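Undergrad: Those sequence lines, one after another, are chains R and B.
Going by the numbering used here, the first sequence opens with residue 1, and the numbers climb by one from there.
Going by the numbering used here, the second sequence opens with residue 1, and the numbers climb by one from there.
Everything labelled a hint here was simulated from the structure, so no lab data went into it.
Check before you lean on any hint, since a few could be wrong.
FRET-style restraints, in silico, Cβ to Cβ [claimed, not checked]: (1) B/Tyr-348 / R/Asn-267: 26 to 36 Å; (2) B/Tyr-348 / R/Ala-288: 28 to 38 Å; (3) R/Ala-288 / B/Ser-361: 39 to 49 Å; (4) B/Leu-199 / R/Gly-43: 42 to 52 Å; (5) R/Tyr-296 / B/Glu-350: 53 to 63 Å; (6) B/Glu-350 / R/Val-58: 39 to 49 Å; (7) R/Pro-165 / B/Gly-218: 52 to 62 Å; (8) R/Glu-22 / B/Val-133: 28 to 38 Å; (9) B/Gly-125 / R/Val-37: 36 to 46 Å; (10) B/Ala-358 / R/Pro-141: 49 to 59 Å; (11) B/Arg-3 / R/Tyr-296: 49 to 59 Å; (12) B/Gly-4 / R/Asn-267: 49 to 59 Å; (13) B/Leu-355 / R/Glu-227: 48 to 58 Å; (14) R/Asn-267 / B/Thr-263: 28 to 38 Å.
Values in this document were obtained by computation on a predicted structure and should not be read as measured data.
For every residue, glycine included, the Cβ atom is placed at its ideal position computed from N, Cα and C.
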Amino acid sequence: MAQMNMAKALNLALREALDEDESTMIMGQDVGQDEGVFRITEGLLKDFGPDRVVDFPVAESAIVGLAIGLCCTGLKPICEMQFSGFGYHGFHQIESHASRFRNRTRGRFTCPMVVRMPYGGGIRAIEHHSESREAIWAHLPGLKVVIPSGPRNARALLRASIFDPDPVMFYEPKACYRAFKEEVPDKPETLEIGKAEIVREGRDVTIISYGASMRLVLEAADELEDEHDIDAELIDLLSLVPMDTELIMESVRKTGRCVVVHEAPRNCGPAAEIISRIVEDSLLYLEAPIERVTGYDLVLPFFNIERPYMPDAQKVVTAARKVVSF
Amino acid sequence: MPRGKIKLENYVESLSILEPNGNVDAKLDPKISDKDLLKLFRAMLLGRRYDERMLRLQRQGRIGTYGPALGQEAASLGPAFAMRQDDWFVPSFREPSAMIYRGWPIEKLMLWWGGNEEGASPPEGLRDLPICVPVASQVQYGAGIAWGCKLRKEDHVCVTFVGDGGTSEGDFHEGLNCAATFGAPMVLIVQNNHWAISLPRDKQTVSQTLAQKAIAYGINGIQVDGNDILAMVVATREAIDKAREGEGPTLIEAVTYRLGVHTTADDPKKYRSEEEVEHWKPKDPLARFWKYMKKKGLLDEKSRDALEEEISAEISAAVARAEAFKPDLTEPFYHCFEEMPNHLRAQYAEFQAYLDSAGMSESNSGAEDQQLSRNIEAY
Ligand SMILES: Cc1ncc(C[n+]2csc(CCOP(=O)(O)OP(=O)(O)O)c2C)c(N)n1
Ligand SMILES: [Mg+2]
Chain R
1 MAQMNMAKAL NLALREALDE DESTMIMGQD VGQDEGVFRI TEGLLKDFGP DRVVDFPVAE
61 SAIVGLAIGL CCTGLKPICE MQFSGFGYHG FHQIESHASR FRNRTRGRFT CPMVVRMPYG
121 GGIRAIEHHS ESREAIWAHL PGLKVVIPSG PRNARALLRA SIFDPDPVMF YEPKACYRAF
181 KEEVPDKPET LEIGKAEIVR EGRDVTIISY GASMRLVLEA ADELEDEHDI DAELIDLLSL
241 VPMDTELIME SVRKTGRCVV VHEAPRNCGP AAEIISRIVE DSLLYLEAPI ERVTGYDLVL
301 PFFNIERPYM PDAQKVVTAA RKVVSF
Chain B
1 MPRGKIKLEN YVESLSILEP NGNVDAKLDP KISDKDLLKL FRAMLLGRRY DERMLRLQRQ
61 GRIGTYGPAL GQEAASLGPA FAMRQDDWFV PSFREPSAMI YRGWPIEKLM LWWGGNEEGA
121 SPPEGLRDLP ICVPVASQVQ YGAGIAWGCK LRKEDHVCVT FVGDGGTSEG DFHEGLNCAA
181 TFGAPMVLIV QNNHWAISLP RDKQTVSQTL AQKAIAYGIN GIQVDGNDIL AMVVATREAI
241 DKAREGEGPT LIEAVTYRLG VHTTADDPKK YRSEEEVEHW KPKDPLARFW KYMKKKGLLD
301 EKSRDALEEE ISAEISAAVA RAEAFKPDLT EPFYHCFEEM PNHLRAQYAE FQAYLDSAGM
361 SESNSGAEDQ QLSRNIEAY
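Chain R extracted, bound-state conformation:
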């Protein structure tokens, strides 16, 4: 066991994959010599060489487009979009081909690739470097969308994503890269994609979130317990597609109350899907309307005033109290 932050944990997962499976390779802007703008690929060029850690021209569409071709030849590319805000250049190749190859060719060609991208606000970055648009990818049939929340699950989920037989959009909460450390086991660890985790058990209300927001949800849960005598159960989704509907239902049927939290804008956001599923499956177990704590349906403002526009513990506490006192 070693203490490490998420950036190191992701680096470890990449190193393990490159080490174990010759067909894996990393490609992205500045991932080699410069070791990635967030240093996620630190040391990898040196140890695995320029054919496996590829400094790619500034062309996101080509990163994923060529990766699709690499998959046809039996390779497993791990692509890095420098920021999710530039992942849209790759959207067309992902939607038109990566997500469809298996179906179109009836399984003859598949795309076992990962597209990693840092997402989310709170790091005082310039425009286009702070948004949360995971719902866009979750809407596309044929893609998995995985979002870790801490060093340990980041390493395990990245490993699972790399060895998954289908394309995985791997959203990395960049605010968590260096925010905290966790014990990470020495041996490679993997998590099943599509399984959520109950990070804290509780009776009164289920709070569902993922990624960077898990930090503030944990903070909110402490406050709810200490100051309002509310015992919250916290679910970390870890994966939007597939989503662990079963675990959500189990929890919501127990507590009868629910708050869903994410940074992404509200309209057609992940919370909308989660709540629909709860309503379809467990409406009669609900004791109160469900609350959403999300980004507003706005572009996240430039960083000087972005904070109040993002979910925070206070907003979660308010929502949970409202739901519990309904």
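Since chain R is already given, all that's left is putting chain B with the ligands on it; use the hints.
TA: Then chain B with the ligands, alone, in the frame of chain R:
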């Protein structure tokens, strides 16, 4: 630095070997064996007749919209001949002659245009990708495949096709630039058929040639008479040899002409003149090849008629097979992911219940649907 000129040591080659009258430039003649010439001629004739049959099938409502490759047969067939069978082939959508030549069962193509993914599932053993709809997007995965061959130290090359309109897409530029950057063994063939639906070639770009786009990426470009099967064979062969030797990609502009409609949903009279079409008709690749074969004494009317009959029967047999195909209505659920996740399992059950209630589950085939749409189209 004072103002100056940067001299670029560059040019694009051009090549034609077989004239419209069937005469051949003896110096450039690739001297293809009689057996191979007969094979190629048969393939071109088959491509042409396949196209014509597809247009008829479309009119009869037996397939969906169809995009013929009428007049463009040589541009894809030459490369298909020049490739090794174990090379990669990445088509756009006007390469049926080449696909059939490479070993795609004709009924697969019919199934594609008849609305079945079965027609996009490449036959086992072929390193071929299916027809690609989003214009030029295939250039990117074509480049990736070529690069993959290089990284894996395999000696395959990847021959990729795109249209003149496709050269305006970002995918064309990104794919070609990256293929060049990585020294990927890709041969990119632009079928310049002078039209992108209704947009003429000169409104697509003011570049004098499409081949010259290669210069910007630091690779070789060549403009070839795309209706000249011999020139297409030679140009592709050279490009493939270079690619295989590790000298990176080549851009081949095949100058051809779309003699037919863009697709059956299109009326070219709205945007181009009859005179223009008439101007191109004498350059038809098949007519030219026929003259050549006759002059060489490899074919005469009688043997050609026999060939025609054989081909017609072959196509009819494929139509019968295509129409006997019964799609499994639930198959899409099985090909979204390797393993069906729970949310899809639930939707699968929902769909099954719908099929049951609609009386569609016993046969579980689209045969009735097809029949239905056929009847509707017949009205
Ligand atoms: C990305 C994209 N945009 C638009 C279309 C619709 N479309 C189909 S074919 C075509 C023209 C393509 O022209 P060209 O590349 O010259 O190929 P050609 O049809 O002449 O073979 C267009 C605009 C498409 N299929 N894909
Ligand atoms: Mg065209």
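Undergrad: All hints are to be evaluated individually against the structure, with a verdict given for each.
TA: Against the structure, the hints:
no.: 1; hint: B/Tyr-348 / R/Asn-267: 26 to 36 Å; result: 29 Å, holds
no.: 2; hint: B/Tyr-348 / R/Ala-288: 28 to 38 Å; result: 33 Å, holds
no.: 3; hint: R/Ala-288 / B/Ser-361: 39 to 49 Å; result: 41 Å, holds
no.: 4; hint: B/Leu-199 / R/Gly-43: 42 to 52 Å; result: 50 Å, holds
no.: 5; hint: R/Tyr-296 / B/Glu-350: 53 to 63 Å; result: 34 Å, violated
no.: 6; hint: B/Glu-350 / R/Val-58: 39 to 49 Å; result: 44 Å, holds
no.: 7; hint: R/Pro-165 / B/Gly-218: 52 to 62 Å; result: 37 Å, violated
no.: 8; hint: R/Glu-22 / B/Val-133: 28 to 38 Å; result: 34 Å, holds
no.: 9; hint: B/Gly-125 / R/Val-37: 36 to 46 Å; result: 43 Å, holds
no.: 10; hint: B/Ala-358 / R/Pro-141: 49 to 59 Å; result: 23 Å, violated
no.: 11; hint: B/Arg-3 / R/Tyr-296: 49 to 59 Å; result: 53 Å, holds
no.: 12; hint: B/Gly-4 / R/Asn-267: 49 to 59 Å; result: 56 Å, holds
no.: 13; hint: B/Leu-355 / R/Glu-227: 48 to 58 Å; result: 54 Å, holds
no.: 14; hint: R/Asn-267 / B/Thr-263: 28 to 38 Å; result: 37 Å, holds
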